[in-house]
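Q: Residue numbers (UniProt numbering), protein chains in the order written: chain A, 1 to 194; chain B, 1 to 194.
Quick caveat, the hints were computed from the structure, so don't treat them as lab data. Certain hints may be false.
Claimed, not checked - Simulated restraints on C-beta separations:
| hint | chain 1 | residue 1 | chain 2 | residue 2 | range |
| --- | --- | --- | --- | --- | --- |
| 1 | B | TYR171 | A | SER167 | 36 to 44 Å |
| 2 | B | GLU165 | A | MET113 | 22 to 30 Å |
| 3 | B | ALA150 | A | GLU30 | 15 to 23 Å |
| 4 | A | GLN151 | B | GLN9 | 45 to 53 Å |
| 5 | B | SER55 | A | GLU30 | 41 to 49 Å |
Claimed, not checked - Anything over 12 Å on all C-beta distances counts as not near chain A; from chain B, calculated:
| hint | residue |
| --- | --- |
| 6 | LEU17 |
| 7 | LYS36 |
| 8 | LYS48 |
| 9 | LYS65 |
| 10 | GLU69 |
| 11 | HIS70 |
| 12 | GLN73 |
| 13 | GLU114 |
| 14 | ARG128 |
| 15 | SER136 |
| 16 | ALA192 |
In this text, a Cβ means the ideal position worked out from N, Cα and C, and glycines have one as well.
Protein chains: 2
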Amino acid sequence: MCNTTQIVQKIFKNITLTNDELHLIANTFEKVYLKKDETLLKINTTVKNQYYVYSGCLRTFYIDKTGKEHTLQFAIEDWWISDYTAFFSSGKAIMNIESIQNATLLKLSRTQMEHLLENIPALETFFRKKMERAFSSFQKRILSNLALSAQERYVAFVNTYPNIEQSVKNYHIASYLGITTESLSRIRKTLAKG
Amino acid sequence: MCNTTQIVQKIFKNITLTNDELHLIANTFEKVYLKKDETLLKINTTVKNQYYVYSGCLRTFYIDKTGKEHTLQFAIEDWWISDYTAFFSSGKAIMNIESIQNATLLKLSRTQMEHLLENIPALETFFRKKMERAFSSFQKRILSNLALSAQERYVAFVNTYPNIEQSVKNYHIASYLGITTESLSRIRKTLAKG
């Protein structure tokens, strides 16, 4: 297990930081450990934090008025997770986040982030580019939902989250693809036959 | 019709800019006029530009392998538009953009944007926050696709794009909602009955 400074060096490997800046960031981030199936964020609570995933796997999910779960996304190693719509506006969560495996996260609050951005302007570029990538992945997901068959969406899922299938439950994947677990089984059988 | 400097003042009204900075931005943006039904961006071409919509309405759409169109989004006054996944990576467009009405746009290339960001650090924050809003709107759209009925998605569309319905064709809206134009008619009739 790396210490926080080593993790911070990994996260920000593409930008040049002085030692002072590195330590400011490392002292700002707070390590959070989650066991499998723990809740990180609960619907209707104020969203103050975003999290960097050092290890483990989490998922963000929405519960509709019939009680059905819809998985918006999974977060694996080196991803960031929050209910960003609420995080940006300091509003209340419309989604839940839970751990699917034991996880180690680094927590960064909105206030802490603003403080870091004021003191280390290079981080503006980092967080802008992070948002650009997140935006692109959402664009891909919207187009998949609109234009791809369930089987094609499943293949895209496997490509986006390699090695995740062993760790997550079938209904997590089905609720991400917008299909039933029965359809998921059929798709896997079809693909296995080649 | 405002001149470019006046439009730039409007776009960046929330940040403090010196007169020199304002003029640098105004001299960088290039005005583009489009007639209704003109193509702004064609699939498979390299995406170098993003556009600010001063007036008019455009749509970004994807054509699947069966030739069916899927509208990713509409852009109305005060929105920005591009194939952002390709724009960020200087890659090729996977979507088309066309004007639905006569439109006046301000064009900003990736290179020009990087140049502005180097010279006016305050713009980093502006473009980060713009990405945050765009990201949030995509998050909402993904959740709508997963969790809402076609009728609920239609109501959300009307709220997101007020006053747009008169300007766009029914098949544009249907291809945004992921339904047929017949379903769209049925939904409108149901809602009209109250």
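Q: What are the numbers of the hints that this structure violates, sorted from low to high?
A: 2, 3, 9, 10, 11, 12, 13, 14 and 15
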